[in-house]
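Numbering-wise (numbering that gives the first Met the number 0), the sequence shown opens with residue 0 and increments by one.
Errors might be hidden in some of the hints.
[Unchecked claim] Here are the in silico distance ranges between beta carbons for each label pair:
{"#": "1", "residue 1": "Ile13", "residue 2": "Arg33", "range": "18 to 28 Å"}
{"#": "2", "residue 1": "Gly159", "residue 2": "Ile13", "range": "29 to 39 Å"}
{"#": "3", "residue 1": "Met0", "residue 2": "Arg31", "range": "40 to 50 Å"}
{"#": "4", "residue 1": "Thr556", "residue 2": "Pro478", "range": "32 to 42 Å"}
{"#": "5", "residue 1": "Pro478", "residue 2": "Ala61", "range": "50 to 60 Å"}
{"#": "6", "residue 1": "Ala6", "residue 2": "Asn43", "range": "38 to 48 Å"}
[What the hints assert, rightly or not] Below are the DSS-like pairs computed for lysine-lysine, each with C-alpha atoms no more than 30 Å apart in a straight line:
{"#": "7", "residue 1": "Lys17", "residue 2": "Lys30"}
{"#": "8", "residue 1": "Lys411", "residue 2": "Lys60"}
{"#": "9", "residue 1": "Lys30", "residue 2": "Lys509"}
{"#": "10", "residue 1": "Lys17", "residue 2": "Lys52"}
{"#": "11", "residue 1": "Lys407", "residue 2": "Lys509"}
{"#": "12", "residue 1": "Lys60", "residue 2": "Lys407"}
{"#": "13", "residue 1": "Lys47", "residue 2": "Lys30"}
{"#": "14", "residue 1": "Lys277", "residue 2": "Lys411"}
{"#": "15", "residue 1": "Lys407", "residue 2": "Lys277"}
{"#": "16", "residue 1": "Lys52", "residue 2": "Lys509"}
{"#": "17", "residue 1": "Lys414", "residue 2": "Lys509"}
{"#": "18", "residue 1": "Lys30", "residue 2": "Lys60"}
{"#": "19", "residue 1": "Lys509", "residue 2": "Lys411"}
{"#": "20", "residue 1": "Lys60", "residue 2": "Lys47"}
{"#": "21", "residue 1": "Lys60", "residue 2": "Lys414"}
{"#": "22", "residue 1": "Lys414", "residue 2": "Lys277"}
{"#": "23", "residue 1": "Lys60", "residue 2": "Lys509"}
{"#": "24", "residue 1": "Lys414", "residue 2": "Lys30"}
{"#": "25", "residue 1": "Lys407", "residue 2": "Lys30"}
{"#": "26", "residue 1": "Lys509", "residue 2": "Lys277"}
{"#": "27", "residue 1": "Lys17", "residue 2": "Lys414"}
Worth flagging that the hints you see were computed from the coordinates, not collected in a lab. Just so it is clear, CB atoms sit at the ideal spot from N, CA and C, and this is done for glycine as well.
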Amino acid sequence: MGIVQIAIVLIVIILLVKPLGTYVYHVFSNKRNRSDVVFGPIENLLYKLIGLKSFAGMTWKAYALSVLLTNVVLVAIGYIVLRTQNLLPVNPSGIDGMEETLAFNTIISFMTNTNLQHYSGETGLSYFSQMAVIMMMMFTSAATGFSVAIAFIRGLTSRGTTIGNFFQDFVKAHTRIFIPAAVLVTLVLVALQVPQTLQSTLNVTTLEGEAQSIAIGPVASLEAIKHIGTNGGGFFGANSSHPFENPSPLTNVIQILSMWLLPAALPYTYGLFAGNRKQGWVVFSAMMTLFLLFLTTVYIAETRGNPVINELGIDASQGSMEGKEVRFGIPQSALFTAVTTAATTGTVNNMHDTLTPIGGLVPLAEMMLNVVFGGKGVGIVNMLMYAILGVFLAGLMVGRTPEFLGRKIEPKEMKLIAIVILVHPLIILGPTAISFLTELGQGSITNPGFHGITQVLYEFASSAANNGSGFEGLADNTPFWNISTGIVMLLGRYVAMIAMLAVAGSLAAKQWVPETIGTFRTDNGLFAAILIGTVVIIGALTFLPAVVLGPIAEQLTLR
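Based on the provided sequences and hints, a complete structural model is requested.
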C-alpha cells in the first residue's frame, strides 16, 4: 500500500510536467499569449509603480546587480521589522523584538530562500512579522531564484546578447506563478481544516482539567507559499509535522506536489527554450533517476528500522517510527523527506535527526549534490552546469572543442563553473571543521560520536544548499551558529548565482555554431548517463570522506 501511495504521487508529477512547463515557457518567453488578458493590466500598473519604463534586455552584469540591490533593500527592511516587532501592530501575543544575531540569521535565511529557523515560529514572531517579513520574503526569494534560472536558460538557448530584464521577470514570477498558485493552495488548505486567522492564542481547558494555550494564526497562507516557493520555514516549530500545518495524508500529498511541481517542470521549460523538447526530457530523466535512487534508499532504510531496537524484541513491523507521525507512516514520511531536500524546500513532516543513519544520509546527500530537481531555479541551473561540464569532459576524450547548444565551451566558462563546484563543498566542509575546533561550536552538539558529526555537517549542508531543514538535536540558536550559518547561506546563494549568470552572459554573446555530424548530441540516453555519472563522481570526490565519518560510520556501529 505504501508503494502505491508513492507511485500515485510520482505519476501525477510526470503527467503535470508538460502542461506546467509549457505554461512557464509562455510566461517568460515574452511572446503574446492568452494570459496577457488577465495579468497584463496588473503588471502594467506594477511597472508604473516601480518606474520601469524600458523592457530592454540586460547584460549579465546588470541583471546580477539588479538582483543584489533588490535583495539588499528587502533585507534592510525585514531586519528592522524583526528587531522592532514588539513596537509594531498585529502582535496579540506581545512577542518581543528578535535578538540581533538571530534577526541577522533569520532575515538572511528567508532572503536566500533557505528558511533555516533558529527560533520557534509560534513564539518567536508576531503575526505582523510572519506576514510582512516571512511571507513577503517567501514570495520575493522564490521569484528571484526563478528569474535567475530563466535568465540562465535564455543565455544558453538564445542567439542574442542579453539574458532578459530582471524586473520584468521578477514581476511576472509574482503575478503569473506564485501569487495565483498560493491563493489556490491556501483556499484548498483552509477547506482541509488548516487555520487561517488573526485571532490571538486560544486558551482552553484540557480533558484533564489543565489550562493550555494553543497557538493559531494565518497558517494556511504561509503553508501555501512555503511549499510553492520551496521555502520551508514553518509557522510552528514542529513545521509540517504539526497537525495545524499538515493535518492529514491528503494535505501531506498537496504539500509534496506544491513544492515539487515547479522544479520538476523547469527542465521541460528549458527544452522549449532550446527548441528541442528532448533536451528537457534528458535533464528531467537524469534528475528523476537520481531521485528514485534516493527515495528507494530512505524508504528501505526506514522500513527495516533500527537493528539495535529490533534485537530488543520490540515490534518493528511498522519500521522506524521514531520521530514520525502515525498519520503519515513510513511511506509518506520517506517520500516527504526525499522531496523536501530534493526540491531544497526544507519543510519536514518528520524529524530528520531521528532517521536511521542511512535514511538520514539521503537528505544530506541530496543537499550536497543540490541538483536533484532543486528549489526555485537552483536545480535546473546546477544540472545544466553539470551538463556543460559533461560536454567538456566528453569533448576532451575525443579531442575536439566541446559545444553545448551551438556554443563553444571555452576556458572562461569552465573557470566560472569550477568556482561554483568548489565553493559549495568549501562552505560546507570548512565551517564544519571549524565548529569542531572551537568550544562555541562543540557546546551545541547534543549527540556525541558519529551522529554529532552528522548534525553539524547537515546544518552547514542545509545552509549552503539553501534548504533550511536541520538535525534538530543541534542547539543552534547561539551567536556562533547564527552568524556562521548566515554567512554560509549568503555565499551559497549569491556566489553561485553570480557565477552562473556570468556563464549565461558569456554564452549568449557567442556566435552560434551550426550542428554537424561530429557534434556531440545532448538529447539522448547516452548523455543522460554521462550527466548522472558526472554528478555522482563530483559529489563522491568532494563529500564521500565526510559522509563516511558521519552517517556511514554510525550505521556500521549499529549492532
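Evaluation of the provided hints:
1. The hint said 18 to 28 Å for the Cβ distance between Ile13 and Arg33, and at roughly 25 Å that hint holds.
2. About 33 Å separates the C-beta atoms of Gly159 and Ile13, a value consistent with the hinted range of 29 to 39 Å.
3. Range check, Met0 to Arg31: about 48 Å between beta-carbon atoms, so the 40 to 50 Å window is met.
4. Roughly 33 Å separates the CB atoms of Thr556 and Pro478, a value that falls within the hinted 32 to 42 Å.
5. Our hint of 50 to 60 Å for Pro478 and Ala61 is violated, since their Cβ atoms are close to 37 Å apart.
6. The supplied range of 38 to 48 Å is met by Ala6 and Asn43, whose beta-carbon atoms lie about 45 Å from each other.
7. Restraint check for Lys17 and Lys30: the C-alpha separation of about 19 Å stays at or below 30 Å, so the hint holds.
8. With a CA separation close to 15 Å, the supplied pair Lys411 and Lys60 stays within the 30 Å bound.
9. A threshold of 30 Å between alpha carbons decides the hint, and for Lys30 with Lys509 the separation of about 24 Å falls inside it, so the pair holds.
10. Using a Cα cut-off of 30 Å, the hinted pair Lys17 and Lys52 is violated, with the two alpha carbons roughly 34 Å apart.
11. Distance check on the hinted pair: Lys407 and Lys509 sit about 8 Å apart at the alpha-carbon level, within 30 Å; holds.
12. Restraint check for Lys60 and Lys407: the C-alpha separation of about 21 Å stays at or below 30 Å, so the hint holds.
13. Annotation: proposed proximity of Lys47 to Lys30 holds, straight-line Cα distance about 21 Å (limit 30 Å).
14. Annotation: proposed proximity of Lys277 to Lys411 holds, straight-line Cα distance about 27 Å (limit 30 Å).
15. Among the hinted pairs, Lys407 with Lys277 is consistent with the structure: their alpha-carbon atoms are about 20 Å apart, no more than 30 Å.
16. Of the pairs offered as hints, the one joining Lys52 and Lys509 holds, with about 28 Å between alpha carbons and a cut-off of 30 Å not exceeded.
17. With a C-alpha separation of about 17 Å, the suggested pair Lys414 and Lys509 falls inside the 30 Å cut-off, and the hint holds.
18. Of the supplied pair hints, the one linking Lys30 and Lys60 holds, its CA atoms being roughly 24 Å apart against a limit of 30 Å.
19. Between the alpha carbons of Lys509 and Lys411 the distance comes to roughly 12 Å, so the proposed pair stays at or under 30 Å and holds.
20. A hinted pair counts as satisfied when its Cα atoms are at most 30 Å apart, and Lys60 with Lys47 qualifies at roughly 24 Å.
21. Distance check on the hinted pair: Lys60 and Lys414 sit about 17 Å apart at the alpha-carbon level, within 30 Å; holds.
22. The suggested pairing of Lys414 with Lys277 holds, with an alpha-carbon distance near 28 Å, which does not exceed 30 Å.
23. Taking the CA atoms of Lys60 and Lys509, the gap is near 16 Å; set against the 30 Å cutoff, the hint holds.
24. A hinted pair counts as satisfied when its Cα atoms are at most 30 Å apart, and Lys414 with Lys30 does not qualify at roughly 34 Å.
25. A hinted pair counts as satisfied when its Cα atoms are at most 30 Å apart, and Lys407 with Lys30 qualifies at roughly 28 Å.
26. Taken as a hint, the Lys509 and Lys277 pair is honoured in the structure, with Cα atoms around 23 Å apart against an allowance of 30 Å.
27. Taking the CA atoms of Lys17 and Lys414, the gap is about 34 Å. The hint is violated against a cut of 30 Å.
Figure legend: structure checked against the earlier numbered hints; hints not met, in rising order: 5, 10, 24, 27.
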